[in-house]
Amino acid sequence: MASISALTEELDSITNELHAVDIQIQELLERQQELIQKKNILTNRIKQHLEASDAGESSESDSSPAAWNKEDFPWSGKVQDVLQNMFKLQRFRLLQLETINVTMSGKDVFLVMPTGGGKSLCYQLPALCSDGFTLVICPLISLMEDQLMVLKQLGISATMLNASSSKEHVKWVHAEMINKNSKLKLIYVTPEKIAKSKMFMSRLEKAYEARRFTRIAVDEVHCCSHWGHDFRPDYKALGILKRQFPNTALMGLTATATSHVLKDAQKILCVEKCFTFTASFNRPNLYYEIRQKPSNTEDVIEDIVKLINGRYKGQSGIIYCFSQKDSEQVTVSLQKLGIQAGAYHANMEPEDKTRVHRRWSANEIQVVVATVAFGMGIDKPDVRFIIHHSMSKSIENYYQESGRAGRDDMKADCILYYGFGDIFRISSMVVMENVGQQKLYEMVSYCQNISKLNHLKLVVLKELIKRGKKKIQVTSRSLQIWFSNLRIQGLRKEKLMMHEMNASKFSKKSLCIHHYFVVKRLR
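The sequence shown begins at 1001 in my numbering and counts up one residue at a time.
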């Protein structure tokens, strides 16, 4: 009769093999979806080429990024001068020059670029190289405040209009919009300003007639589409801008949009024939980690405090929470344990939100504990960690939120606490959204798959430790070699699910790029 140890060993082997088979099945299903997506893209491209040919439009070479990656345009000298002397930069990043050249030529363009890629420069710099002003439409006050702080430090004249703006300030901005001698270059507004303020639209009309209204920049343009993960109804009203001001160039910018969302947004904004540039989504300095969330709230806080006081001592970070109540409770708990933290959510008074934002930007507090209200466009370069106290409601949201780390291209960590309790809380929130449940399922599947990968890594690590290896660094390449060398049944054919994000598709695989695994002491 077989011994207990032999049976246990056989059971472990079968369990490992089942884990490997699960991942292989998932990989095949995702490969199937990837091929279907590519097939649809190719079909649409063929259709677009045929339509462009029939309409006698410009050739594909004119619309490719390479055609605009030049420095021999009439404005090129001024662009380089502003880049170096105003923004204190020596060179452009990927697709920045191409996008700037397109908008300087007066054409419409959509730019899809990962968080931290430098989208803001693509409309801020042209604003300084053009007569008149650029209207920037942003979904969040915090986004506008963040950019205005940076622009003020650079000595660039910019302002914003929102519900809390004084009558005197509104009057001054309206006067500057039609003043030919004005130095005001960037005016930030929320989409509600376009949808609900007849006075502002009337002032834009006068500025347009005076040839002062030069450019429209729609930040977070995916908010236009009800298929996007952050749909904002007031964004749908922005189509009036191109209809009413057809000669004003429009730029749409986003870090998270599928091809379907992009086309929908372009249709809504009346720029269906615009240029579309898409950058790579691979950010090799970001490392992702999934942690099993303890059922006890105090245990979660204790684990976070250990991270902040240990690995991230003296470094800036953001903790994202599911609700406003969570953000306040987590903030209080952290403060009691000596962490300099501030809460941030939509229900706070504007001046309180601004104070937290500025203190964090000035490194007066270490951590902002926030809901998604502290979000799009946050541009602090030295954020070393993003911790999700609860998982995001979609892969797109998670990519964008975690992407606020490491904008200085230095290593940064993105840690997510995954627990089943959060799934039900989020499910009740997204149940009425068009594709909310499906996106939540994809997010859960990502967390589950990473948990399985972590289990497989533990199997390999235990085996290596048994064989006397003391110092171990886990990477995707070394893991593949170990699987092969150790000849663990069911793991030899395992392929890590890592690939550069396809511009037309978000998937759980894309967030596995440079997945970071913390090797804990194994007993």
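Since the hints were made in silico from the structure, they are not lab data. Remember, it's a predicted structure, so these values are computed and weren't measured experimentally. You may find that some hints are simply not true.
No farther apart than 30 Å at their CA atoms in a straight line, the calculated lysine-lysine pairs in the DSS-like style are these [to be verified]:
hint	residue 1	residue 2
1	1263	1039
2	1078	1107
3	1267	1306
4	1070	1263
5	1242	1206
6	1273	1236
Here's how the hints hold up against the structure:
Between the alpha carbons of residue 1263 and residue 1039 the distance comes to roughly 17 Å, so the proposed pair stays at or under 30 Å and holds. Between residue 1078 and residue 1107 the CA atoms are separated by roughly 19 Å; this keeps the pair inside 30 Å, and the hint holds. Restraint check for residue 1267 and residue 1306: not satisfied, since their Cα atoms lie roughly 49 Å apart, outside the 30 Å limit. Between residue 1070 and residue 1263 the CA atoms are separated by roughly 27 Å; this keeps the pair inside 30 Å, and the hint holds.
A distance of roughly 15 Å separates the Cα atoms of residue 1242 and residue 1206; the hinted pair therefore holds under the 30 Å criterion. Of the supplied pair hints, the one linking residue 1273 and residue 1236 holds, its CA atoms being roughly 18 Å apart against a limit of 30 Å.
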